[in-house]
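Given next are the chains, with one letter for each unit.
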Amino acid sequence: MTDELPRRLVNHLKAAGVNFVTYLPETRLSQIVPLIGDDPAFDLIAAASEQEAVAIAAGATLGGKQAAVYMENSGLYVSSYSLLALGKQLGVPLLLIVGYLGGVPDQRNSFLYATIGSHTIPLLQSLGIEYMLLEDGARLEGKIKDAVRAANAQRAPFALLFAGEFSV
Amino acid sequence: MIRHECLELLAARMTDQLVVTSQSGQRIEWAHLSKHEGNLLVGMMGCAIGVATGLALALPHRKVIALDSDGSVLLSLFNLATLGNLRPKNLLVYVFDNGVYSGSRISYPTATAGRTDLAAMARGAGIESARTISDLDTFKAEGLGALERNELGFFICKVEESLLHREIPRPNTDLAENKYTFVRYLERTEGKTIPFIGRG
Numbered sequence: 001m002t003d004e005l006p007r008r009l010v011n012h013l014k015a016a017g018v019n020f021v022t023y024l025p026e027t028r029l030s031q032i033v034p035l036i037g038d039d040p041a042f043d044l045i046a047a048a049s050e051q052e053a054v055a056i057a058a059g060a061t062l063g064g065k066q067a068a069v070y071m072e073n074s075g076l077y078v079s080s081y082s083l084l085a086l087g088k089q090l091g092v093p094l095l096l097i098v099g100y101l102g103g104v105p106d107q108r109n110s111f112l113y114a115t116i117g118s119h120t121i122p123l124l125q126s127l128g129i130e131y132m133l134l135e136d137g138a139r140l141e142g143k144i145k146d147a148v149r150a151a152n153a154q155r156a157p158f159a160l161l162f163a164g165e166f167s168v
Numbered sequence: 001m002i003r004h005e006c007l008e009l010l011a012a013r014m015t016d017q018l019v020v021t022s023q024s025g026q027r028i029e030w031a032h033l034s035k036h037e038g039n040l041l042v043g044m045m046g047c048a049i050g051v052a053t054g055l056a057l058a059l060p061h062r063k064v065i066a067l068d069s070d071g072s073v074l075l076s077l078f079n080l081a082t083l084g085n086l087r088p089k090n091l092l093v094y095v096f097d098n099g100v101y102s103g104s105r106i107s108y109p110t111a112t113a114g115r116t117d118l119a120a121m122a123r124g125a126g127i128e129s130a131r132t133i134s135d136l137d138t139f140k141a142e143g144l145g146a147l148e149r150n151e152l153g154f155f156i157c158k159v160e161e162s163l164l165h166r167e168i169p170r171p172n173t174d175l176a177e178n179k180y181t182f183v184r185y186l187e188r189t190e191g192k193t194i195p196f197i198g199r200g
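Chains as they are written, first to last, in this note's numbering: chain A, 1 to 168; chain B, 1 to 200.
What the hints contain is simulated information worked out from the structure, not anything from laboratory work.
Quick caveat, the model's predicted, so the values are computed rather than measured.
Accuracy of the hints is not assured; some may be wrong.
[What the hints assert, rightly or not] Simulated pairs of lysine-lysine, DSS-like, Cα-Cα distance not exceeding 27 Å:
id, chain 1, residue 1, chain 2, residue 2
1, A, 14, B, 140
2, B, 89, B, 192
3, A, 14, A, 145
4, B, 158, B, 192
5, B, 35, B, 192
6, A, 88, A, 145
7, A, 88, B, 192
8, A, 88, B, 35
9, A, 14, A, 143
10, A, 145, B, 192
11, B, 89, B, 35
12, A, 14, A, 88
[Unchecked claim] Pair ranges (Cβ atoms, derived):
id, chain 1, residue 1, chain 2, residue 2, range
13, A, 4, B, 61, 36 to 42 Å
14, A, 142, B, 140, 53 to 59 Å
15, B, 197, A, 89, 17 to 23 Å
16, B, 197, A, 3, 34 to 40 Å
17, A, 128, B, 173, 32 to 38 Å
18, B, 104, A, 104, 30 to 36 Å
19, B, 61, A, 91, 47 to 53 Å
[To be verified] If you want a taste of the chain B side facing chain A, the calculated C-beta under 8 Å gives, among others:
id, residue
20, 79
21, 81
22, 82
23, 143
24, 144
25, 147
26, 148
27, 175
28, 185
29, 189
30, 194
Even for Gly, the Cβ is constructed at its ideal location relative to N, Cα and C.
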């Protein structure tokens, strides 16, 4: 990412009301982690598995936080059980901030990521999780607000898939 | 001791604590023993500790209790490392370890029936206070005593397998109904609006 995008992304998360973030770091968006950690508007919680990151964020949401989970798209496979049971079955809104590795717009795509990437959107579709693909910083604040509003309205997870300029 | 005896003692001590159960016989037993609005009966294994941790972090002034099982903790061992580092002071975890997958109907043994010691694993993960409780007197003294302390509690309660939960009526509360009851209870007792509820 350019120097400007991580700061904008974090500021827009805050503007959208997000105040609790669980995460496992990955390569494409990792610059947001120290920015979130340094901002007192957020609780930043490191998890040891994406399944756990989803469960902790779900608990925080039920406790009154506007929670997000930051992960690599490989974490969607790891956490699909808790996304389905807590996100969809129990109906807990969560913003998923996903580094979309291995998709066509991933600027660092390679044989390492392509299989994971090519199954990501079908996986979300099979889980019934709506998503938005972000390839540049255009209307970033509005898109993040749209995603948070959609998650709350649907009482379900909503995924933002970051690729393109975010993956440089 | 059996799990139901422990839960009966615990239920008698409940006031405004929040209780998260995983999916197992204890979910049925707890729902039968406690009709408290602060109960969240999560319908899956491997998530109760995570959800309870999130609640404890979001509401640090509120005591949160996770009721879990050996099979469920074995599904989510990563929770131990995370709790060992976060150490939320308002969280109590009771793991009822009967050494079997009772829900399997064949009582197939879990790893704790063999060489695996969950309390030792928890201590190794950073939860130094984790301990095993094997009798009801110790459960009363130390397990329930933790309700009065302001520190992370992690108790592996070794219980005999009991099939009492198969004789108890299963809860008929829908998951969504339970969620809204729980959230409305929080709104009322915390004096705040839970953001995602919103207005229609």
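Taking the hints in turn, this is what the structure says about them:
Proposed proximity of residue 14/A and residue 140/B is contradicted: the alpha carbons are some 45 Å apart, above 27 Å. Between residue 89/B and residue 192/B the alpha-carbon distance is near 22 Å, which keeps this suggested pair within the 27 Å criterion. Using a Cα cut-off of 27 Å, the hinted pair residue 14/A and residue 145/A holds, with the two alpha carbons roughly 10 Å apart. This hinted pair does not check out: residue 158/B and residue 192/B have alpha carbons roughly 39 Å apart, beyond 27 Å.
Taking the CA atoms of residue 35/B and residue 192/B, the gap is about 23 Å. The hint holds against a cut of 27 Å. Of the pairs offered as hints, the one joining residue 88/A and residue 145/A holds, with about 20 Å between alpha carbons and a cut-off of 27 Å not exceeded. A hinted pair counts as satisfied when its Cα atoms are at most 27 Å apart, and residue 88/A with residue 192/B qualifies at roughly 25 Å. The hinted pair formed by residue 88/A and residue 35/B meets the criterion: a straight-line CA distance of about 25 Å does not exceed 27 Å.
The straight-line distance between the Cα atoms of residue 14/A and residue 143/A is roughly 13 Å, inside the 27 Å bound, and the hint therefore holds. Annotation: proposed proximity of residue 145/A to residue 192/B holds, straight-line Cα distance about 22 Å (limit 27 Å). Pair hint residue 89/B plus residue 35/B holds up; C-alpha atoms about 25 Å apart against a cutoff of 27 Å. Among the hinted pairs, residue 14/A with residue 88/A is consistent with the structure: their alpha-carbon atoms are about 24 Å apart, no more than 27 Å.
Our hint of 36 to 42 Å for residue 4/A and residue 61/B holds, since their Cβ atoms are close to 39 Å apart. The hinted range of 53 to 59 Å is satisfied by residue 142/A and residue 140/B, whose Cβ atoms lie roughly 57 Å apart. Checking the proposed 17 to 23 Å range against residue 197/B and residue 89/A shows it holds: the Cβ atoms sit about 18 Å from each other. The supplied range of 34 to 40 Å is met by residue 197/B and residue 3/A, whose beta-carbon atoms lie about 38 Å from each other.
For the pair residue 128/A and residue 173/B, the supplied restraint of 32 to 38 Å is violated, since their beta-carbon distance comes to about 23 Å. With their beta carbons about 44 Å apart, residue 104/B and residue 104/A fall outside the hinted range of 30 to 36 Å. Distance hint check for residue 61/B and residue 91/A: the Cβ-Cβ separation is about 26 Å, which falls outside the suggested range of 47 to 53 Å. Checking residue 79/B against chain A by beta carbon gives a least distance of about 6 Å; that is within 8 Å, so the hint holds.
Taken as an interface hint, residue 81/B checks out: its beta carbon lies about 5 Å from the nearest beta carbon of chain A, inside 8 Å. A least Cβ separation of about 5 Å between residue 82/B and chain A falls short of the 8 Å threshold, and the interface hint therefore holds. Interface restraint check: residue 143/B against chain A, minimum CB-CB distance 22 Å, threshold 8 Å, status violated. The restraint placing residue 144/B at the interface with chain A is violated, with a minimum CB-CB distance near 23 Å, outside the 8 Å limit.
For residue 147/B, the interface hint is violated, the least distance from its beta-carbon to any beta-carbon of chain A being 19 Å, above 8 Å. Violation of the interface hint for residue 148/B is found here, the shortest Cβ-Cβ separation to chain A being roughly 22 Å, above the 8 Å cut-off. The criterion of a C-beta within 8 Å of any C-beta in chain A is met by residue 175/B, whose closest approach is roughly 5 Å, and the hint holds. Checking residue 185/B against chain A by beta carbon gives a least distance of about 11 Å; that is not within 8 Å, so the hint is violated.
Nearest Cβ of chain A to the Cβ of residue 189/B: about 11 Å, over the 8 Å cut. The hint is violated. Look at residue 194/B: its Cβ gets to within about 5 Å of chain A, closer than 8 Å, so that hint holds up.
Taken one by one, the earlier hints fail for this structure at numbers 1, 4, 17, 18, 19, 23, 24, 25, 26, 28 and 29, listed in ascending order.
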